[in-house]
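Starting from the known structure of chain G, fit chain R onto it as the hints suggest.
Chains as they are written, first to last, in my numbering: chain G, 588 to 809; chain R, 2 to 219.
Take these hints with a grain of salt, some might be off.
What the hints assert, rightly or not - Residues on chain R that point at chain G, a partial pick, calculated with CB under 10 Å:
hint	residue
1	L50
2	S51
3	A52
4	P53
5	Y57
6	T64
7	L66
8	F75
9	L79
10	I105
11	G108
12	V110
13	P114
14	L185
Stated by the list, open to error - BS3-like mimics (lysine-lysine), calculated; alpha carbons at most 30 Å apart, straight line:
hint	chain 1	residue 1	chain 2	residue 2
15	R	K55	R	K115
16	R	K55	G	K732
17	R	K183	G	K673
18	R	K55	G	K797
19	R	K115	G	K732
20	G	K732	G	K797
21	G	K797	R	K183
Note that these hints are calculated values from the structure, not bench results.
All residues carry an ideal CB built from backbone N, CA and C; glycine is no exception.
Here is how the chains run, residue by residue.
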Amino acid sequence: MSYAFSIEPILDNWEIFAQGAAMTLLLTALGAVTGVAAGILGAVSRAWRLPVLSPFYAVYVECVRNTPFLVQLYFIFFGLPSLGVKLSGWEASFLAMALNLGAYSTEIIRAGVMAVPRGQIEAAESLAMDRWQIFRFVILRPALKTVWPALCSQIIIVMLGSSVCSQVAAQELTYAANLIQSRTFRAFEIYFFSTLLYLGLAILVRRFLKAFGRRIIDGRTA
Amino acid sequence: MISFSLWDIVRHLCVGAAWTAGLSLVAFALGGAAGLGVLFARISPRRRLSAPAKAYIEFFQDTPLLMQLFLIFFGFGLLGLDISPLLTAAIGLTLFTSAYLAEIWRGCVEAIPKGQWEASDCLAMSSLQRMRFVILPQALRTAIPPTVGFSVQVVKGTAVTSIIGFMEITKTGSMIANATFKPLLVYALAAVFYFIICFPLSALARRVERRLHAACAR
Numbered sequence: 588m589s590y591a592f593s594i595e596p597i598l599d600n601w602e603i604f605a606q607g608a609a610m611t612l613l614l615t616a617l618g619a620v621t622g623v624a625a626g627i628l629g630a631v632s633r634a635w636r637l638p639v640l641s642p643f644y645a646v647y648v649e650c651v652r653n654t655p656f657l658v659q660l661y662f663i664f665f666g667l668p669s670l671g672v673k674l675s676g677w678e679a680s681f682l683a684m685a686l687n688l689g690a691y692s693t694e695i696i697r698a699g700v701m702a703v704p705r706g707q708i709e710a711a712e713s714l715a716m717d718r719w720q721i722f723r724f725v726i727l728r729p730a731l732k733t734v735w736p737a738l739c740s741q742i743i744i745v746m747l748g749s750s751v752c753s754q755v756a757a758q759e760l761t762y763a764a765n766l767i768q769s770r771t772f773r774a775f776e777i778y779f780f781s782t783l784l785y786l787g788l789a790i791l792v793r794r795f796l797k798a799f800g801r802r803i804i805d806g807r808t809a
Numbered sequence: 002m003i004s005f006s007l008w009d010i011v012r013h014l015c016v017g018a019a020w021t022a023g024l025s026l027v028a029f030a031l032g033g034a035a036g037l038g039v040l041f042a043r044i045s046p047r048r049r050l051s052a053p054a055k056a057y058i059e060f061f062q063d064t065p066l067l068m069q070l071f072l073i074f075f076g077f078g079l080l081g082l083d084i085s086p087l088l089t090a091a092i093g094l095t096l097f098t099s100a101y102l103a104e105i106w107r108g109c110v111e112a113i114p115k116g117q118w119e120a121s122d123c124l125a126m127s128s129l130q131r132m133r134f135v136i137l138p139q140a141l142r143t144a145i146p147p148t149v150g151f152s153v154q155v156v157k158g159t160a161v162t163s164i165i166g167f168m169e170i171t172k173t174g175s176m177i178a179n180a181t182f183k184p185l186l187v188y189a190l191a192a193v194f195y196f197i198i199c200f201p202l203s204a205l206a207r208r209v210e211r212r213l214h215a216a217c218a219r
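The shape of chain G in the complex, shown without the other chains (with noise of 0.2 Å):
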């Protein structure tokens, strides 16, 4: 069998690449900002036992960490159709993983909130600070700090977790994949390249998070 390793496909297709990890990128970074402001609301009703908000986010997460991304998908983009609600490929996507994201973001969020120790509040309450300012600056901020390595680790799940998008036609990383290889049947080629495009992404996602994290959340104490 005479097999040779053809780099051409990719090349010759780079656009469609830069393209669809551009859309994973957006898609990623909507996400995330919509899942991680949704894990923040989710961890202070939890957290504070806020009434409606604390049992409608109880049940929330726990059914979207107990049932696959996939399927959350297909019931966003195939099923809510029925209800009157026709989403595209991308604004189903975008809207599973914020949906994804914010379910896992409430759980890592409080269990920051929680080690917020209580001598800190009763310290900013002595100085007089309101319950905006204690909010923000005694327990948001530290809380973040906290667990912000496991927000980032989950981010980048939520992203590889995009790769399954292609399937409800959202043009990202992996459908520009499937689109080429069905075009130039070079699948290996391809999806190789593809698997190194993502190994790239995730580690420039993550490095940029950190370094996000260190300037905005432990950086200015404002």
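Just chain R, lined up with the frame of chain G:
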């Protein structure tokens, strides 16, 4: 055209669930055994062993499971071997599981205080004896909750194998959804099946962890 009653849908999903459970068990058992090997390589003081183990773990943690499955599927094809979706899924998930478990267990082994390692050196234990009698028994206690917790990730990971055509819950679900035009119902039921498998595992992981914390606090 065949018409599906609710019972028909549930019946077929049950068959899919059996495949999901079977694949998860195989991946978890084989992945655990392989993971132990990766763990030993990873914590070895010899760089010739630890560096490849580190690269192995990072590769599987930093690339999508779907891509790993594609590479196995088409890689075997290049070698002229026709590989079934079941075998692809089993190999892929086993490798994936071994990398994650090795990393989880490494954390547990490295959390054992340095004094324990030194003490076993003082007792002139060989490195095998040290692992067998001092480090692993202690690491095992802390390793149980995250290991049980990770089994949930393995079960959920099997959903991705539907894309390469393995007939588990998700694939069965999407075929029924296409035949019945009831995607909302079918995917909700598929989610319920996963929940039934995963929730007890998550709850168990939480319980074991709480008990461990209570034991440590004592």
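Quick rundown of the hints versus the structure:
no. : hint            : result
1   : L50             : violated (22 Å)
2   : S51             : violated (20 Å)
3   : A52             : violated (17 Å)
4   : P53             : violated (16 Å)
5   : Y57             : violated (13 Å)
6   : T64             : holds (5 Å)
7   : L66             : holds (8 Å)
8   : F75             : holds (4 Å)
9   : L79             : holds (5 Å)
10  : I105            : violated (12 Å)
11  : G108            : violated (12 Å)
12  : V110            : violated (19 Å)
13  : P114            : violated (22 Å)
14  : L185            : holds (4 Å)
15  : K55/R x K115/R  : holds (22 Å)
16  : K55/R x K732/G  : holds (26 Å)
17  : K183/R x K673/G : holds (15 Å)
18  : K55/R x K797/G  : holds (20 Å)
19  : K115/R x K732/G : holds (27 Å)
20  : K732/G x K797/G : holds (11 Å)
21  : K797/G x K183/R : violated (44 Å)
Checked against the numbered hints listed earlier, the structure breaks hints 1, 2, 3, 4, 5, 10, 11, 12, 13, 21; every other hint is satisfied.
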